[in-house]
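Here is what each chain is made of, one letter per residue.
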Amino acid sequence: MTRQVAGEPASQVVAEPLLQLTDVVKHFPLRSSGMLAGKREYLRAVDGVSLEVRRGETLGLVGETGCGKSTLARCITRLYELTSGTVSFGSADISRLSARRLRPYRRKMQMVFQDPYGSLNPRRRVGSIIADPFAANGLAKGAERKRKVQELMELVGLNPEHYNRFPAEFSGGQRQRIGLARALALRPEVVVCDEPVSALDVSIQAQIINLLAELQDKLGLTYIFIAHDLSVVRHASDRIAVMYLGRIVEIADTEDLFTRPRHPYTKALLSAAPTPDPDLVNDAERIVLTGEVPSPVRPPSGCRFHPRCPRAQSRCHVEDPVLESKNIDEGDRAVACHFPLADGESMMPELKEPS
Amino acid sequence: MTLTPPATAEAAAARVEPAAVDTIEGRSPWQLAFVRLRHDRVAVGSSAVICLIVLLAVLAPVVAHLLGHGPNQQFRTTGLSAEGIPVGPGSTFLFGTDDLGRDVLVRVLYGARISLLVGVVASGLAVVLGVIIGLAAGYFSGAVDTVLSRFMDVVLSLPYLIFAIALVSLLGPSLMVSVAVIAFFSWASVGRIVRGQVLSIKEKEFVEAARSVGAGHLRIMFVDILPNVLAPTIVYATMLIPLSIVFESTLSFLGIGVLPPTATWGNMLSESIAYYRVAWWFVAFPGLALLITTMAFNLLGDCVRDAFDPRGNRLFVAVED
Amino acid sequence: MLRFLVRRILFGAVVLWLVATAVFAMYFIAPHDVARTLAGRQASAETVAAIRHNLGLDRPLLVQYGSFLWKALHGNLGYSYTNSQPVTTLIGQGLPVTASLVAGGAILWLVIGVSTGVLASTHPRSVMDRSATAFSLFFYSMPTFLLGEVLLLVLFFRLHLSGIDWFPGAGYVALTENPMEWARHLLLPWLTIALVTAATYVRLTRGSMLDVLGEDYIRTARAKGLSRRRVIYRHGLRAALTPVVTQFGIDVGTLLGGAIVTENVFGLPGLGELVMTALSKQDLPTIIGLVLLASAFVVVANLVVDILYSVLDARVRLS
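Protein chains in written order, with this note's numbering: chain L, 22 to 376; chain E, 2 to 322; chain X, 83 to 401.
These are calculated hints, taken from the structure and not from any lab test. Watch out, some of these pointers could steer you wrong.
To be verified - In silico DSSO-like pairs for lysine-lysine, Cα to Cα no more than 30 Å straight-line:
(1) Lys169(L) x Lys203(E)
(2) Lys162(L) x Lys129(L)
(3) Lys203(E) x Lys239(L)
(4) Lys347(L) x Lys169(L)
(5) Lys169(L) x Lys239(L)
(6) Lys203(E) x Lys347(L)
(7) Lys239(L) x Lys162(L)
(8) Lys167(L) x Lys203(E)
(9) Lys153(X) x Lys363(X)
(10) Lys167(L) x Lys129(L)
(11) Lys129(L) x Lys169(L)
(12) Lys239(L) x Lys347(L)
Claimed, not checked - Each pair of labels, with its calculated beta carbon distance range:
(13) Glu204(E) x Asp44(L): 51 to 59 Å
(14) Arg301(X) x Leu240(L): 52 to 60 Å
(15) Asp154(E) x Ala107(X): 28 to 36 Å
(16) Thr359(X) x Pro62(E): 34 to 42 Å
(17) Gly148(X) x Arg122(L): 35 to 43 Å
(18) Ala164(L) x Glu204(E): 52 to 60 Å
(19) Leu240(L) x Glu204(E): 30 to 38 Å
(20) Trp31(E) x Glu263(X): 52 to 60 Å
(21) Trp31(E) x Thr171(X): 22 to 30 Å
Stated by the list, open to error - Only part of the chain L face toward chain E is listed, based on derived beta-carbon distances under 7 Å:
(22) Leu100
(23) Thr104
(24) Ala157
(25) Ser292
Don't be surprised by glycine CBs; every beta carbon is placed ideally from N, CA and C.
Excised from the complex, chain L in its bound form (with noise of 0.2 Å):
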């Protein structure tokens, strides 16, 4: 375990909530085919997302590729617009803001990107990249501003005297550096993480986990860290939410979440993930999910995931699960499914259909 507070209850760690997300719903309007197309299609990349970002924790945020969790991070950080919902920072609602009422909320919050190549500008010197956040906001000039870059860099483990080099001569590692730096240059109390080590060689994956562990302590930062890796978020958060097709269907601490899942779809992550530790499989049941992933565009009816659910009942098809505490658990956790799983349940039960 590479993280201090890792083994107590993430609840203990401190319960503020920094963050709070409530119905947050971002839908990306489609081109209308044929002249004349009805009405108008949407992406429903985000479909009414509620959660709570404590402060100092590290919530991990999980799913297969396009269940839009890289959208709800573009939420969060208001590079999108929200369809609707509300998103809010300590008291202050910030979904609304208009962009110059946005920028003290900006500062507080920055954003690590997953790709260490798109997300430089490759014609731009490292330096004047870090100390961007200080000249888009008028801060720091001259001098100052390069020693504050220059410490930066130290901060995440650059060389300050690379200061004039341009991304291009960094190894995807250390551009990753190079964005944190630059995330963390306003000195923000939230960070959100898009998949900040996914683009990675797994040797480089762990130094810069341990370089987040080590900066959240150093700082006091708070982290939301997307992930499509199982193992990754593990190792980093202290709470996971899983995410499938723009809902949020189940969350809890890591270790609960781990040894102990409920929804469906959790546990069919699980399994498919490599586990570094054999224990935690049980028995080898590698669960294998049939079909495609459905259209966010069309969602299926009631449970979206029932269709590739093999828990599925004939209500999962018509009422649409709530993420809420289940009486089988104590404490603080939540999934949305009406049929959730007990403790080392397998996943094929001889659930009757309740009449």
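Starting from the known structure of chain L, fit chains E and X onto it as the hints suggest.
For chains E and X alone, coordinates are given in the frame of chain L:
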């Protein structure tokens, strides 16, 4: 997968990660392109020719002074034969004289001033306009883009020469009008190129990153996006100069550009058309000057393109270095 | 497809409307006295007043604008006072000349340009390729009027001096009158327009052929055992021709409105000469009419290109 090594050791290892490079200062893509250009013989050659032409244009008054022949000075006795025919190249008039007994050499040099001036100024104007409008169209998609793009389409689909004629018939011919007309019919192609580039660049994560640190639209457009579209713009600008020079000389040739007696290559060639039977030099020297200039710029443009995008196909030079 | 065409036609109509409006604005809102300009310098005050009334210049601006558009829509381009003829009649006289010039030139430049481009691209870096690119550079850098003068000087005058009268220096003979003389008189203009324009086609064909021949599907076709010739002509050329078709349509459309420079150099009484004469005589109705006509040609040419393009493109996708 194990993630256990202590963080500090990892960070220390990462610090050694870059291959030990002695230069701390990185080479910008511009510097790289420049280095490639410097090693390109065609580029060096065509730049040398262009520099020579510029130098001669600048020194035109000096040459005129040394020869004692003003650009509009008529030598009716020495410059014309008894029958009023222009005098061929000789020791007094190196390039011969024209129909009014003026020194063709001096006039060719003065013509270079107009050609270069119009070529560079009109292209520059077109590039500035095209970049700003193309940037705006590509960056603010939606209604702004629709309006600006359609406008560019309209300008591009106009038969420009006849429009130039219509405009000149209204405004009267002059140097300023020529520059304006050329710039007006050239900016749209720059705008289209820039817009296309911006459309792909604005999807890059670094643009989102700039927004997330609080950069405004102008800053993103000019600090983050512009440097990434500058390379194709510069390539296009180099290619625009010879086009503008040809455009200007055509306007002058048709009598709707810079008016006589000002010496321009187009004017000289227009006047020479009645005399090509008796005075080949009257056609040959301004014609050669014009052709050499446009060829040098076209070659240089091709090399600049190659320097910025070494994988592309060369247009004019089939040789590898 | 249909939707695309409708959109293009609408766009073309909008372009023409904008052009008409711009021309109207330029000439009718401009600060000079149109009636006086139209009447000519020596006209009496009564003539000017009559013209003003005739043109409806004493009516409100919007009414004038409406009637201008309405007439233009019905092919009435006004009356040329300097020529005492309707503008359409003048255009009717000039159009066959310009059309002859452009048609012959177009065939020539297409043949020269595309074949040179194909030869160059299929023998990269050969002597052939080098000469093709040198040819392209030379004529691409050459202003049309300069080439015209050089051809006159060399092919007409020098040959004429040595007693060979293959090429006349100027003039035009109608096709219906004497086809041989028609072609003989147009040879130099054709050559001028073709060489200058072909340069672009060499570049275009060579460039897109080189791109296409490097594509995976071409290599696959070769690997499947298709002959080199077949691959180049059946697969490569067809894909490479798309940009050529676009350029061709635009060139023909632009030139039909008046191959101004070439006609000027060779003294051909086409639309280009018509506009130059109109310019020198300040014959505004003719200039306006020609601007509208030239724009219409370009719009129609663009439309034809769009249709051809979608057909070509569909074929490429099918094969």
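Here is what the structure says about each hint:
| no. | hint | verdict |
| --- | --- | --- |
| 1 | Lys169(L) x Lys203(E) | holds, 28 Å |
| 2 | Lys162(L) x Lys129(L) | holds, 20 Å |
| 3 | Lys203(E) x Lys239(L) | violated, 34 Å |
| 4 | Lys347(L) x Lys169(L) | violated, 49 Å |
| 5 | Lys169(L) x Lys239(L) | holds, 17 Å |
| 6 | Lys203(E) x Lys347(L) | violated, 45 Å |
| 7 | Lys239(L) x Lys162(L) | holds, 26 Å |
| 8 | Lys167(L) x Lys203(E) | holds, 27 Å |
| 9 | Lys153(X) x Lys363(X) | holds, 23 Å |
| 10 | Lys167(L) x Lys129(L) | holds, 21 Å |
| 11 | Lys129(L) x Lys169(L) | holds, 18 Å |
| 12 | Lys239(L) x Lys347(L) | violated, 37 Å |
| 13 | Glu204(E) x Asp44(L): 51 to 59 Å | violated, 28 Å |
| 14 | Arg301(X) x Leu240(L): 52 to 60 Å | holds, 54 Å |
| 15 | Asp154(E) x Ala107(X): 28 to 36 Å | violated, 20 Å |
| 16 | Thr359(X) x Pro62(E): 34 to 42 Å | holds, 38 Å |
| 17 | Gly148(X) x Arg122(L): 35 to 43 Å | violated, 50 Å |
| 18 | Ala164(L) x Glu204(E): 52 to 60 Å | violated, 36 Å |
| 19 | Leu240(L) x Glu204(E): 30 to 38 Å | holds, 31 Å |
| 20 | Trp31(E) x Glu263(X): 52 to 60 Å | holds, 59 Å |
| 21 | Trp31(E) x Thr171(X): 22 to 30 Å | violated, 59 Å |
| 22 | Leu100 | holds, 5 Å |
| 23 | Thr104 | violated, 17 Å |
| 24 | Ala157 | holds, 4 Å |
| 25 | Ser292 | violated, 17 Å |
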